[in-house]
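Full structure from sequences and hints, please.
Number of protein chains: 4
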Amino acid sequence: MSKVFDAAEVAKHNTADSCWVILYGKVYDVTDFMDSHPGGVKVILKLAGTDATEEYDPIHPPGILEENLKPEALLGTIDPDTLPKPSTDNQPEEEEAEGPPPMESLYNMDEIEQVATKQVSRKAWAYYYSASDDLTTKRFNNEVYRSILLRPRVFIDVTKCDLSTSVIGHKVSLPIFVAPAAMARLAHPAGEAGIAAACRSFGAMQVISNNASMSPEQIVENAAPDQVFGWQLYVQVDRKKSEAMLARINKLKAIKFLVLTLDAPVPGKREDDLRGDSTASKLPVSSSLVAKKEAKKGESLPNGAPVPKAGGGGIGAQLFWGTEASLTWKETLLWLSKHTALPIILKGLQTHEDAYIASLYAPQVKGIILSNHGGRALDTAPPAIHTLLEIRKYCPEVLEKLEVWVDGGIRRGTDIVKALCLGARAVGIGRAALWGLGAGGVEGVHRTLEILADETKTCMQLLGVGKVEDLGLQHINTRIVEQQIYDGPSGLGGLTSQVRAKL
Amino acid sequence: MSKVFDAAEVAKHNTADSCWVILYGKVYDVTDFMDSHPGGVKVILKLAGTDATEEYDPIHPPGILEENLKPEALLGTIDPDTLPKPSTDNQPEEEEAEGPPPMESLYNMDEIEQVATKQVSRKAWAYYYSASDDLTTKRFNNEVYRSILLRPRVFIDVTKCDLSTSVIGHKVSLPIFVAPAAMARLAHPAGEAGIAAACRSFGAMQVISNNASMSPEQIVENAAPDQVFGWQLYVQVDRKKSEAMLARINKLKAIKFLVLTLDAPVPGKREDDLRGDSTASKLPVSSSLVAKKEAKKGESLPNGAPVPKAGGGGIGAQLFWGTEASLTWKETLLWLSKHTALPIILKGLQTHEDAYIASLYAPQVKGIILSNHGGRALDTAPPAIHTLLEIRKYCPEVLEKLEVWVDGGIRRGTDIVKALCLGARAVGIGRAALWGLGAGGVEGVHRTLEILADETKTCMQLLGVGKVEDLGLQHINTRIVEQQIYDGPSGLGGLTSQVRAKL
Amino acid sequence: MSKVFDAAEVAKHNTADSCWVILYGKVYDVTDFMDSHPGGVKVILKLAGTDATEEYDPIHPPGILEENLKPEALLGTIDPDTLPKPSTDNQPEEEEAEGPPPMESLYNMDEIEQVATKQVSRKAWAYYYSASDDLTTKRFNNEVYRSILLRPRVFIDVTKCDLSTSVIGHKVSLPIFVAPAAMARLAHPAGEAGIAAACRSFGAMQVISNNASMSPEQIVENAAPDQVFGWQLYVQVDRKKSEAMLARINKLKAIKFLVLTLDAPVPGKREDDLRGDSTASKLPVSSSLVAKKEAKKGESLPNGAPVPKAGGGGIGAQLFWGTEASLTWKETLLWLSKHTALPIILKGLQTHEDAYIASLYAPQVKGIILSNHGGRALDTAPPAIHTLLEIRKYCPEVLEKLEVWVDGGIRRGTDIVKALCLGARAVGIGRAALWGLGAGGVEGVHRTLEILADETKTCMQLLGVGKVEDLGLQHINTRIVEQQIYDGPSGLGGLTSQVRAKL
Amino acid sequence: MSKVFDAAEVAKHNTADSCWVILYGKVYDVTDFMDSHPGGVKVILKLAGTDATEEYDPIHPPGILEENLKPEALLGTIDPDTLPKPSTDNQPEEEEAEGPPPMESLYNMDEIEQVATKQVSRKAWAYYYSASDDLTTKRFNNEVYRSILLRPRVFIDVTKCDLSTSVIGHKVSLPIFVAPAAMARLAHPAGEAGIAAACRSFGAMQVISNNASMSPEQIVENAAPDQVFGWQLYVQVDRKKSEAMLARINKLKAIKFLVLTLDAPVPGKREDDLRGDSTASKLPVSSSLVAKKEAKKGESLPNGAPVPKAGGGGIGAQLFWGTEASLTWKETLLWLSKHTALPIILKGLQTHEDAYIASLYAPQVKGIILSNHGGRALDTAPPAIHTLLEIRKYCPEVLEKLEVWVDGGIRRGTDIVKALCLGARAVGIGRAALWGLGAGGVEGVHRTLEILADETKTCMQLLGVGKVEDLGLQHINTRIVEQQIYDGPSGLGGLTSQVRAKL
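Residue numbers (UniProt numbering), protein chains in the order written: chain D, 1 to 503; chain A, 1 to 503; chain B, 1 to 503; chain P, 1 to 503.
Identical chains share a label here; the pair holds if one copy fits it or two copies do between them.
In silico lysine-lysine, PhoX-like type, Cα no more than 25 Å apart, as pairs: (1) K160 / K330; (2) K160 / K240; (3) K241 / K160; (4) K330 / K467; (5) K256 / K338.
Since the hints were made in silico from the structure, they are not lab data.
The structure is reproduced here in structure tokens:
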């Protein structure tokens, strides 16, 4: 540990046979680790022999290094004077010197996204912006709200208008929550803890991503006593890792529930993200070497997904490394019940059939989030509003047994109100919070929540409604959407007995 | 009063502790008044110590100054030679020297709007053009007319074609009226009186805005004996002010009815207007001072609307200051009946349920205006045509008990004819009249009415119809729109008894 | 007559008190005639004192001068050497020197229109291209065909495919006819006779416009023995003029039927045409003089249409001068029966009700043309396809009693086939023939017909159909359009007895 | 044969009276052959007296020369030193020097098409890209897939996901096949054999075009033992030629079935292709000569299609020369049964009626391909998905009796999955394979199949489906499309007895 290296010496170890990297001023030998790196061999070889801190930092939470490397991998420290000046490759090329405008000069989600697009690195933009294939579902997520009309009532006293509500028994001041979105530090050093700080000032709930770039402990560190957090779980192929993580989560009082994401057993094809990983082709990596290393892996990832080809597969695909694709209702929920007493929210349901099955697993399952992963999983999947209308059409009793939350496509307070009118208990924002973070750090997330809260309140007042629970079907005209939702056989026949049989 | 100040002395009083302004050559101390200014503290502080006449004049009717300031606030007069040359900031930047083209060279509403856009100040444009959020409803207001087809009949003598009709018992020569739209002098010095002059030459009805930039007395001063005016009321939190105003209105013979606007208990979010108030950020106002002053107000306006943040909230939000958001059917109509005998027209109804309730308040209520405030209140609210079709579907008897007028989105004579075919008694234009005024003053409003009247006549002739009352459902194909209107439960069940109970 | 003037002397007579013009080398005093000029006073005053031949020629058929001026108006001849060089103002500004490309290099109607747009004068383009208001109906005329799908059948011998059919008993080689469109010489000197020459080579029928720029005698002069013509009648307020014209038509063997146009009792508002009359503002005409002259006319044209304001109202409005707007079923058809034995085709029907009434007037009425005047009469009127589907829905028996033709929006052979499948007997092209004429004279019209005939044949072959009469509803999918057509009460109840009562 | 010519001498024989061409170093006299050349006289005269190899090669399979010319037409060989340098006219003008990017850097079909567009000649692009008329059907082919939504299920083990299926009894590893598309060597010298090589590595089926630019023997030469090929037949007017060809096909073990294309008895109007044949106008051919030669042909092609005018009619029309347009169900299938024992797949069915009739010809007919010829036959014909839904609506039993395959518009794996869910057994790509070939030869086709296979697998996994046969109607929402498909009378009544009567 006391040994001090100079950069030239480290630089010689830049092959698969001897691969060193510098991280946070320390020198590591990662030769043996490479093959099991979730992001693939290539992404490490690209950085072999160099200071990888800038690339490594925003996408790895603290502690993950120690968790994965053997102690002897730490060779010593680097002599900082021997290092080249830090690269500025990840900074936005133009307007580098220029910071963002005052957050209060931004009036809506579009403007915040525009500012963030300029502030964050190209790679971060690509990861956040990207969605599957042709972005059809991403666009549709928002457009579906535009096709629902509101029905304002008049001569109602709206002097008082209260946005507070409760989620699975916890009081929150807004029906808006921050949905789990990975890698917040790519957008801004404040990261997920910054989002938590903004949520705190609004009494808003936050669901922490399984792939957060900070540890859950860091994120909830400054939580208010009544602040509500959820924690998102991607079950790992190596179940022991997930169980260890659950044990950590169980200890955190601020975390009130688990969110199990189901809509992405394999990663969607996010082409912007794939292209965003542009450094891949810039560095002189021997492709035959990579091919050789990758050949060991076989033709698919451990979870059965197609092996990403050139360029490492983008950040999205890297994060999926090791995620379990074999989950099933009974087995998974049984396993979970052994490792946590937290209530379960299932995320990513997109059909009334699955919503119905989920309701059969109450009360372990307390709620569901209708979501298509922000259009990032399967393109041309339906927006949450479709699924909500399907549930109302085929099995409305689900709304009695479970809390139904939605996310995807929210850009206006009117969008939020429409979802609430249809019976959603809470409405999640994913990219919007990250764009806010990217645009202005904590203050940017604050502005995001402020705009949406103000718009939501104005909308409720103009509808003539003073409380969230008074919003109802009579306040919206969903006729256009209703002509588009699924109209086939429901698939519910016999479902109850089948599921019961498995229980 | 005899004291004469020079500008340099006035300029020293530019803080919240001592705030003087020059208006129409007089010097006022407005330090004490600031906190109760409807437009907020900031808008005054920006102009502290300067000649505010140019900013003040087009948005305040005469008399309002004397009404709100104590006599001792008038300190004296200004020595005009000490003033700087008048600012030209509010003039259109380009083409300053160029006046508008001859009005007769303009053929339609779009061209008039284009000309007006160049002629009026950026602030005026922003105020008039703006609508809520994404302008969805503003656009839809017009597009809905495009989706209705006409059904022309042939072999009918259309040599004679008469556009006259009657509204609540008064004969008018056109089924077109000018809807209440605020601040006409922002567009042109002729102001609301100029609109009245143009209406006079067409025998058209005009509804005067509660926020007119001229006094009602000035506006009706040159009315023809049979000219028909209405007056729009926004009820103030301070009811005494409204009662005093009603007393003034009751004395004006030309004003035949009151219009009570209901669709905007709080202001919609008009981003163009918010941005249009661009001078806000140009002047060096201490933001901490503003914050301190504004903090006193609490988190919402007196009417419960969110406090506008930076920039003063635009003209729209300023005008809403002091408007009552707690109106209810029984209480408000009862109060009104004590202060005026004028018939009441309720404006801003957007559901068949509210239209139905209104009909239960006949004969005090004589009519309703189906309106979404020109898309300026709640975005994705339905166009008037939707509400009219809803009424026809759920409670057609309303059309027997009340006159139903519409406004919003009118750009062509065919639009007017379609609304008339559906049972509207009169069709209002708001922005169109203001754009006409902005494009060419009185002559511009005249051209606006002339174009719409000619187009309406041509349309009726080509339909084979000679009189307004002969237009009917058989002349239009509304099938596309009918597939979009509300199709849920009507909410009328038990409504009659509920309302009767409250009467 | 023998007197010879020089141009300078003529130029002095350029006022309303003494107004001379030069036409075809002769000098006329038109002072007294001005007030009764169909095109209005202004259009003459603009040319007062000058050689007006270039402006006059393409829009007046021969003989019209002698018909309208008294003999003494002819003052003498002009000394040609004293005239200035002919103006080139009406020529296309760019590419003047360049002629059109070879017609065979043009593959479709769009390309022909593009070439014609460059070849013809701005005024001609404006007149042909223009349609009412926002061109909604003009666009819809074509788009409605795009929304109908074809249903090709296979394993059918299509070696032989015959496009011939019959119209009211006359054999024609194509189901395509040239619809009456005015002022062909604006496009090309070959004029309507050029269209006739091209029709001759295809065995296609042509309907001659009432406002043709050549006399009917000229147009049919070189007709083939079996060539079929119709003649379009606009009934004049001065019925004697119409009767005289009918007497001339009755003598022309080539003319087999009359087309009475009903969809434009007053002119639609064609803004491009209005703007196209750009010379209006270029010449220094005293506007007060024009106003004085026009004041005499009162507020509407003899037919009740609004008086066109500035610029003379475009060519369209000029042509309407003197057209009767008081026609009615019984009176008009009775009057016609006294002046001609030719079968009557009624043009411009846009509702099933009128189609039904027309069928009650068989056999004098032999057919109807479903038409909205190429979108030039009432904007947002339905396309012919709508009316055809309406007839099929409400009163299919009309198709047994009358021949139903359509026009409007045809750009492809598939459009023609779709109309035929729905029961149209013949399909008219208006602008397409004029664009062909403008693009390449007779050869251009020939190419237009050739393309459409080839496309029609290819379409029939790919549908598996060898004869026009074998096309039927089974070959098309009109489901989208059927969701848009009129669905209200049919208005047919009691209609038969009402009409019979009037007979 | 031993005679050696120099180029100058050959150049003299450049007229219709004596026409020589150089091909592959040999000199031929084609004077007598010209009139029977499928591509027309002009296309040969353009090249008379020159080395035509570069033009000739990519669109003629080997052996065709010997088959069509008499032995004495071969005059000798050319002295290569006397030839001018090879023309580069057919090469893309810009970026000539630049090759395509690495195939693995291309992520979707659009990118592959973009690269191919730059790599192939203008003529090849025009031929591949072109579709009929306005490309309405070509676009709709793809858009219809976008309007179908997917219904992903959760909590299903998708670790294993298998794309293999079987087609008419043969195992294939992908449900994707390469549809018959002509002239692959226009895109790349690897030609159809290159496509076969790529298919081999994926276990994908390939249907060889009747107009392939290589012989069937060449194409299947390196087939894997279990590789599946079909062969597409256009029946020739000269049946003997087709019978000879069938005899050759019968001998090729790799070819498992015949595809008889029925949707193009005459060629569609592909304007890009017509324009793409740009060399036509570049060469100084006496047009009167061509006219004289072409006049002999009469007004239509042997199959009754309109004679292509200028420019030779594009590649598409040339290929149609000699194709039989008189095929009928009974006669054609009977004739086929005499010349081959291979199972028959009928391609180009676009109505449920024809699908139903086809099912009556089982088991000789084993399957049908719902296809509109990639939008290249009849514009506004329905996409295959429409026909598939029609079959499900009117005669679902067809799906039991025949295999139903589809093609047209496939750009994403989700498109493929949607077709499979609706009951398609296999999904064809046409242009996509050619663009792949054009972009990168064998490697490009490989990348095309790889992308589509990966996308298909990802889609199935995200739907929760592990096997092709488990995909079903419950996985898709087709409600929008169902509102557009044919809803008229089915035409099936009495069809069975009619067809049986003919059998």
